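Going down the list, the sequences are from chains A and B. Okay, so the first sequence: first residue is 1 according to my numbering, each after it adds one. Okay, so the second sequence: first residue is 1 according to my numbering, each after it adds one.
Calculated directly from the structure, the hints in this document are not laboratory data. Computed from a predicted structure; not experimentally measured. Even for Gly, the Cβ is constructed at its ideal location relative to N, Cα and C. Hints may be right or wrong, so weigh each one.
What the hints assert, rightly or not - Counterexamples of contact, computed for chain A against chain B with all Cβ distances above 12 Å:
(1) 15
(2) 22
(3) 86
(4) 96
(5) 131
(6) 180
(7) 203
(8) 216
(9) 233
(10) 234
(11) 243
(12) 255
As the list claims (entries may be wrong) - DSBU-like cross-link-like pairs, simulated, lysine-lysine; straight-line CA separation at most 30 Å:
(13) 219(A) to 170(A)
(14) 344(B) to 106(A)
(15) 219(A) to 247(A)
(16) 111(A) to 247(A)
(17) 219(A) to 274(A)
(18) 133(A) to 219(A)
(19) 460(B) to 170(A)
(20) 106(A) to 109(B)
(21) 460(B) to 133(A)
(22) 170(A) to 111(A)
(23) 111(A) to 460(B)
(24) 156(B) to 111(A)
(25) 247(A) to 170(A)
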Amino acid sequence: MLENMPFWPARASAAAGNVDALYIFLVVVSALMVTLIFTMVIVFAIRFRRRAGRCAEQVEGSAALEITWSVIPFCVFMVFFVWGASVYFREHTPPRDAAEVYTVAKQWMWKFEHQEGQRELNELHVPVGRDMKMIMISQDVIHSFYVPAFRIKQDVLPGRYTTIWFRATKAGTYHLFCAEYCGTLHSGMIGWVVVMEPRDYQAWLSGGGNQPLAVTGQKLFSELGCSTCHRFDTQGRGPNLTGVYGKPVLLEDGRTVMADENYIRESILSPNAKIVNGFKPIMPTFQGLVSDEQLSALVAYVKSLGQSQSEQTGARGMATATPQTK
Amino acid sequence: MATAAVGELGERENYLNREYGIKSWLLTVDHKRIALLYLAGITFFFFIGGFFALLIRLELMTPAGDLVQADTYNKLFTMHGQVMIFFFLIPAVPAVLGNFLIPMMIGAKDLAFPHINLLSWYLYILGGTLMLYTILAGGVDTGWTFYTPLSTEFLKTQVITAALAVFVAGFSSILTGLNFIVTIHRMRCPGMTWDRLPLFVWAHYATSLIQVLGTPVLAIAIVLVALERLLHLGVFNPAMGGDPLLFQHLFWFYSHPAVYIMILPGMGIISEIVCCFSRKRIFGYTAMALAVLGIAVVGFLVWAHHMFVAGISIYAALVFSILSYFVAVPSAIKVFNWTATLYKGSITYQTPMLYAFGFIGLFTIGGLTGLFLACLGIDVHVTDTYFVVAHFHYIMVGGMVMAYLGGMHFWWPKISGRMYPEGWGRLAALIVFLGFNLTFFPQFILGYMGMPRRYWDYSKAPEFQILNVLSTAGATILAVGYLLPMTYFLWSMRYGEPAPDNPWNAAGLEWMTSSPPPTYNFDEEPVVTWEAYNYDEIKEEVPVAQ
Numbered sequence: 001m002l003e004n005m006p007f008w009p010a011r012a013s014a015a016a017g018n019v020d021a022l023y024i025f026l027v028v029v030s031a032l033m034v035t036l037i038f039t040m041v042i043v044f045a046i047r048f049r050r051r052a053g054r055c056a057e058q059v060e061g062s063a064a065l066e067i068t069w070s071v072i073p074f075c076v077f078m079v080f081f082v083w084g085a086s087v088y089f090r091e092h093t094p095p096r097d098a099a100e101v102y103t104v105a106k107q108w109m110w111k112f113e114h115q116e117g118q119r120e121l122n123e124l125h126v127p128v129g130r131d132m133k134m135i136m137i138s139q140d141v142i143h144s145f146y147v148p149a150f151r152i153k154q155d156v157l158p159g160r161y162t163t164i165w166f167r168a169t170k171a172g173t174y175h176l177f178c179a180e181y182c183g184t185l186h187s188g189m190i191g192w193v194v195v196m197e198p199r200d201y202q203a204w205l206s207g208g209g210n211q212p213l214a215v216t217g218q219k220l221f222s223e224l225g226c227s228t229c230h231r232f233d234t235q236g237r238g239p240n241l242t243g244v245y246g247k248p249v250l251l252e253d254g255r256t257v258m259a260d261e262n263y264i265r266e267s268i269l270s271p272n273a274k275i276v277n278g279f280k281p282i283m284p285t286f287q288g289l290v291s292d293e294q295l296s297a298l299v300a301y302v303k304s305l306g307q308s309q310s311e312q313t314g315a316r317g318m319a320t321a322t323p324q325t326k
Numbered sequence: 001m002a003t004a005a006v007g008e009l010g011e012r013e014n015y016l017n018r019e020y021g022i023k024s025w026l027l028t029v030d031h032k033r034i035a036l037l038y039l040a041g042i043t044f045f046f047f048i049g050g051f052f053a054l055l056i057r058l059e060l061m062t063p064a065g066d067l068v069q070a071d072t073y074n075k076l077f078t079m080h081g082q083v084m085i086f087f088f089l090i091p092a093v094p095a096v097l098g099n100f101l102i103p104m105m106i107g108a109k110d111l112a113f114p115h116i117n118l119l120s121w122y123l124y125i126l127g128g129t130l131m132l133y134t135i136l137a138g139g140v141d142t143g144w145t146f147y148t149p150l151s152t153e154f155l156k157t158q159v160i161t162a163a164l165a166v167f168v169a170g171f172s173s174i175l176t177g178l179n180f181i182v183t184i185h186r187m188r189c190p191g192m193t194w195d196r197l198p199l200f201v202w203a204h205y206a207t208s209l210i211q212v213l214g215t216p217v218l219a220i221a222i223v224l225v226a227l228e229r230l231l232h233l234g235v236f237n238p239a240m241g242g243d244p245l246l247f248q249h250l251f252w253f254y255s256h257p258a259v260y261i262m263i264l265p266g267m268g269i270i271s272e273i274v275c276c277f278s279r280k281r282i283f284g285y286t287a288m289a290l291a292v293l294g295i296a297v298v299g300f301l302v303w304a305h306h307m308f309v310a311g312i313s314i315y316a317a318l319v320f321s322i323l324s325y326f327v328a329v330p331s332a333i334k335v336f337n338w339t340a341t342l343y344k345g346s347i348t349y350q351t352p353m354l355y356a357f358g359f360i361g362l363f364t365i366g367g368l369t370g371l372f373l374a375c376l377g378i379d380v381h382v383t384d385t386y387f388v389v390a391h392f393h394y395i396m397v398g399g400m401v402m403a404y405l406g407g408m409h410f411w412w413p414k415i416s417g418r419m420y421p422e423g424w425g426r427l428a429a430l431i432v433f434l435g436f437n438l439t440f441f442p443q444f445i446l447g448y449m450g451m452p453r454r455y456w457d458y459s460k461a462p463e464f465q466i467l468n469v470l471s472t473a474g475a476t477i478l479a480v481g482y483l484l485p486m487t488y489f490l491w492s493m494r495y496g497e498p499a500p501d502n503p504w505n506a507a508g509l510e511w512m513t514s515s516p517p518p519t520y521n522f523d524e525e526p527v528v529t530w531e532a533y534n535y536d537e538i539k540e541e542v543p544v545a546q
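Please work from the sequences and hints to get the whole structure.
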């Protein structure tokens, strides 16, 4: 019904319907509230306007009324809160098998690199029905990845990854905006998200002849000499990275951290920030030696370790990307 | 009868005619004269900020960036924000009406520290001069929020002087707050107990607490921005191990409570006006006083709701979302109590009351849309879009500026000793209300459609144009609505009817002295034996406008 409504954004993701439902609920409740208050003000203003022979009648305040109009709004607010929080939680909990797109934002463009190796600028191609996780970092100032048709937005920070996920539901071309003011051409830092039917997407993917991101990462891993210490047995001077991603890591100082994308990135750039229990702080920093794109590849490679071969090469996910269009 | 005009105006000595000459103004320690000095300052900056706003609206009338350059546009919205917030909205009601009225409302001769009051005006002027220098020296384009690392590492504009301007003006705000707190504690006349204080005074008390406790944090954040730019300390720069989100936390720790600095005094004004023009005691005095204090305290605990998509943890987001709903409850209480005050009143529709009606309506819409932004699921979509722009303008302009104008009309007879022209006043109130809604309501829809804020050019999204044209049309109407009062206030200073001491038959000590008041406010110290808003004891009605 809302699809063709004027002044309503396109709705093209699984989350968009949830956000719209919540929004409409709040609009209806607010409209009731506004009607109630405006009616009271207008009725009182007219009915109790000054007339000859009539004086104002003083009415004492009432604790019962004060409590009533505190508690009822509060309960309504709590409904808003719980519903809103549940939508937010789903938006921020990417499914584990989501396909990943490494994103680098800079003044004033978006660079995307698919796990299959495709690279794009200011355009993001995604298939209908597949969970996509954006792993994003900025090379300069704060930007914000905003796709109104998906109802999602996430700031992109320099220095660490932020993530957001979505599942597109409808083929089409949708706005991509930068939503955080980022300097002169902030309003020019825009592009398109092209949602394609899985078949078309498959054709688009096979067009470039790129190698998967994790494979690029694997090459870098040996070129940079990482593999001399991070061996795939217990004899290395650095920890064996097989299966490390997504698991808790015990550190030298007794803390435990979750090995997520930011941890892997930090361990490459500032190796001494968190030392794994049982190892020495001997790793040199790679700050300034690897670009953000190369870091993406390295992170993608480390994440792929310990997963099955088919997943590593980027073929994963496609099997599950069967059309879910309705 | 108070309706009888004071014929011998000009013969009776008052704070305006006691001394003449530029020196008697620039070296005055009279809170009423200082209030007028502030009035001149904030009016000047209001029109500068308004001029920038008008240029912004003109640029957005067409999708292409065709009126000004991208950098110019970025400077326009930055300086519009900085001028309006730091040099108009924050000082407007406290430093003008609060300064003028608080000593009179509590039966005092002046503020506790008259010289510090003058010092705070000079600090304001020094800050304002730095801001003007910033504008004339090429401007600044950080956004009013100064977000790092854009402001610290990337921009080549006058960031440091702008930061310094805000820093200095901040001290003016701190000193005013401090002065009010001490005055309200120490200077109340005999019988003026805490539970007899007008709600205007309560609102300023709560505001002052925020000014004193919050502003130093802004000062710290802004100094760090300047130092980071000059010395590259690495506090906020991630390339040096800093954290850009730390700046956002520090900034919003002040700047969210600052929203309440801007709105609470307005709420105080509305309480005075609603009671007077409905001839009623305020409904729920205690609840109203507790509500402003509640807003001031809980308002300090909600700052990160500006950062739901900024990269904070989802658990932090949950906490700040629920706290934001807590702070909405006292605001709801206030709206319900004003409405209940009207019940069984004897209501007249003079200009101040029209502004009060406008305030209640627009603040209700502004407040309710705040609930959308506190709602995590919706905020992700609408934050940093025109939805937010519309929301905060409903509070700041729809709420605060309406209240400010209502208050100016209400107390203008007391301030100037002259009546403003009632017919023009009502017309202007209507124009402001209509122009405001036409300007800002379309922006809610634009925001949900997804138009990001701070966009100079939207030619790839021409579907946004219709609503932008409506908004620009509204802004021109609004401009007329603001120019009118300024014109007839100036006119009335010379040609207005001489004002009686109490033209509205209003309750409150400020109406029990002459218009304009003598330098020390009262000929003899008042003794209070009644509650605030004792309209049950005042039998006279508001005189019908001519």
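Q) Hints broken by the structure, by number, lowest first? A) Checked against the structure, the hints that fail are numbers 1, 2, 3, 6, 13, 14, 20, 25, while the rest are satisfied.
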